[in-house]
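S.K.: Residue-level listing of the chains:
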Amino acid sequence: MEQRLANTWRLTVNEKKFIETALHSDLRVDGRRPFDFRELTVKFGREDGSSEVQLGMTHVMGFVSCQLVQPYRDRPNEGTLSVFTEFSPMADPSFEVGRPAESAVELGRVIDRGLRESRAVDTESLCVVSGKFVWSIRIDLHIIDNCGNLVDAANIAALAALLTSRRPECSLGGEDGQEVIVHPPEVREPLPLIIHHLPIAVTFAFIGDENRVVIDPTHFEEGVMGGRLTATLNANGDVCAIQKAGGDGVMQSVIMQCLRIASVKAADITAKIKKAVDSYNTERTLRKIKRQPASVAVHVSEPSQTEVKELSKKHKEKSMLKSEESQSDDMEIETQFSEHDGTTRRDSSSKSFVGGPSSWDPYSKGVDFDELQASLASRGEVMPVEKLEKSRHDKPYEGESPNLLADSAAPLLAETTETGVEIKREKTLKDAVKPKHKRKKKASSNTDAS
Amino acid sequence: MANQTIKLGSGLRQDADTISAMKAGVLRFSNPHKYWVESSQKRYVPCAGDAVLGIVVDCKADNFLVDIKGPSLAFLPVLAFEGGTRRNIPKFEVGTLLYVRVVKANSGMNPELSCMDSTGKAAEFGPLKDGYMFESSTGLSRMLLSSPTCPVLEAFGKNLSFEIAVGLNGRVWVNAESPATIILVANAIMKSESLSAVQQKILVERLLKRVQ
Chain P
11 MEQRLANTWR LTVNEKKFIE TALHSDLRVD GRRPFDFREL TVKFGREDGS
61 SEVQLGMTHV MGFVSCQLVQ PYRDRPNEGT LSVFTEFSPM ADPSFEVGRP
111 AESAVELGRV IDRGLRESRA VDTESLCVVS GKFVWSIRID LHIIDNCGNL
161 VDAANIAALA ALLTSRRPEC SLGGEDGQEV IVHPPEVREP LPLIIHHLPI
211 AVTFAFIGDE NRVVIDPTHF EEGVMGGRLT ATLNANGDVC AIQKAGGDGV
261 MQSVIMQCLR IASVKAADIT AKIKKAVDSY NTERTLRKIK RQPASVAVHV
311 SEPSQTEVKE LSKKHKEKSM LKSEESQSDD MEIETQFSEH DGTTRRDSSS
361 KSFVGGPSSW DPYSKGVDFD ELQASLASRG EVMPVEKLEK SRHDKPYEGE
411 SPNLLADSAA PLLAETTETG VEIKREKTLK DAVKPKHKRK KKASSNTDAS
Chain B
12 MANQTIKLGS GLRQDADTIS AMKAGVLRFS NPHKYWVESS QKRYVPCAGD
62 AVLGIVVDCK ADNFLVDIKG PSLAFLPVLA FEGGTRRNIP KFEVGTLLYV
112 RVVKANSGMN PELSCMDSTG KAAEFGPLKD GYMFESSTGL SRMLLSSPTC
162 PVLEAFGKNL SFEIAVGLNG RVWVNAESPA TIILVANAIM KSESLSAVQQ
212 KILVERLLKR VQ
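Residue numbers (our numbering), protein chains in the order written: chain P, 11 to 460; chain B, 12 to 223.
Here chain P stands alone, though its shape is the one from the complex (with noise of 0.2 Å):
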């Protein structure tokens, strides 16, 4: 008992007399205005799907898990999507161990509304074997520093999380077709998850007798309120979910007010979201094309085949892929070397496609090398397909992309180029062949639905 006591913290009654004093005169005790958030720096770990998200002196950690599952009877072509809370001692004193208090669990509720509700996370996309296999969507939120307003950072954290998570991709193969093959992510490129939009949590608290509205409040201001109110909006103001548990009563105006402050709070934290996930993914990028003449490199000193010529070739291509990047500072240099590039590879491409089917220019991204050397003869007709599926899963990109280049993202830029090459070809070899045809084709046989 007194152990527990000497644990909770607790305010003195100086500081509450004093948060509610200073609000008339609309301060707060950090020095902010009432309807001011605080700093939000969004960061990523060096692996898919984890994000760290400082609020404030708050801190939280979201990372992003999938696993294959059985769906639920009632859904059996969507996939699941869960949110679990941990609330470690280190970051509050009044947080135990193994037992979630009141709050982990409204946390995880709320955050878990606001993305299941309004249904940002494409669930249907999530679906491997109807009725047999789905991913399922786990998100973790681990609470490291607690100073109040811990909804709106887990809420943001979750969303970082979620943007640059990715999932394996897989087919269906096997004799009966219908074992699924998860492909490791060196094999292939892991695919990006549907978000269709971000449901932004923004948090009110109510002070005092009066009921002044403070937004984003702190562990001190937490300790003083009356009440609080989350509403979690989209950039577009779409209100997603609202959450008021109990506490002082409100009046419908003030409601109102809050929405419409929300709405613009929620467009400001969805623009540094964005961003931070933009730069993440242009990183993402940068070391990817870094580590591939690595393994060319490879290849090229064991001269065995008769792709020996084509590598070479594609070996310069890369050589110049890398100049190209090099000068990403200037981009006049920069795309008239992409179009050249494209050129060249345009070239090369028609040339070795005189070779025959094995001649698959295997330098697209997402496709290991080896796979392809080792199965080239037996994937010779899966490949087309599955680049037309890549290139409409590039699409979102290619839509960002002009922004994006504003970032000076060269490789993104030979990507988007490289795409378009890609879809060139396509047509140049397969014209004869219609590709919505062949999607279908696809569908019926491999049911891959993502």
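Calculated directly from the structure, the hints in this document are not laboratory data.
Possibly wrong hints are sitting among the right ones.
Away from chain P, derived, C-beta distances all over 12 Å, residues of chain B [what the hints assert, rightly or not]: (1) 20; (2) 47; (3) 90; (4) 118; (5) 128; (6) 129; (7) 135; (8) 144; (9) 153; (10) 162; (11) 168; (12) 171; (13) 172; (14) 194; (15) 209; (16) 220.
Here's a subset of chain P near chain B, in silico, CB distances under 7 Å, partners left out [stated by the list, open to error]: (17) 22; (18) 24; (19) 25; (20) 28; (21) 31; (22) 37; (23) 41; (24) 44; (25) 299.
The beta carbon of each residue, even a glycine, is placed where N, CA and C say it ideally should be.
Following the hints, complete the assembly by docking chain B onto the known chain P.
M.R.: Relative to the frame of chain P, chain B by itself:
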């Protein structure tokens, strides 16, 4: 030198002939051969003679239970006030902020506090009214209490009027006429922990310019 005795304080430990540091911090010594390591931490280790800021947690018949950020709650005997008798026991509601002195701090038992100085006078000890209390590290408290007055406090003191009480347990109380002043001083103090003397002065000047 060989037959001199030295006294080791917190953070130092003797293993046979060697003395090793047990925590990160600055090695300090006072003249008759006392050595200790001073570090900055959020937790407070009670030490007899320290003046601290405590929060009343519970009122018992004989003691007030006071939170002083230590590993366990401290006892403040109801008679440990100037002229304290059974008749005039002070009444503190839970959450009252007290400026108290640690009298006993033995390991394994709760520390004992007092609201009197060693001569039995109230001195400055007792409940603090109004104002704003914030928590920081023990290092910051020591910096604020250091003997050439800390640059932040000196710079503010020339321009603003405010009251301050610093507890060695890392709690600081500030009071002034207007809430704006309190917020200004409190945030400047919290920010100044990692700044040098010159930087502190610049910070204060900039803040004062913005306010006036």
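S.K.: Mind listing which of the numbered hints don't hold for this structure, in increasing order?
M.R.: Violated hints: 8, 14, 24 and 25; rest satisfied.
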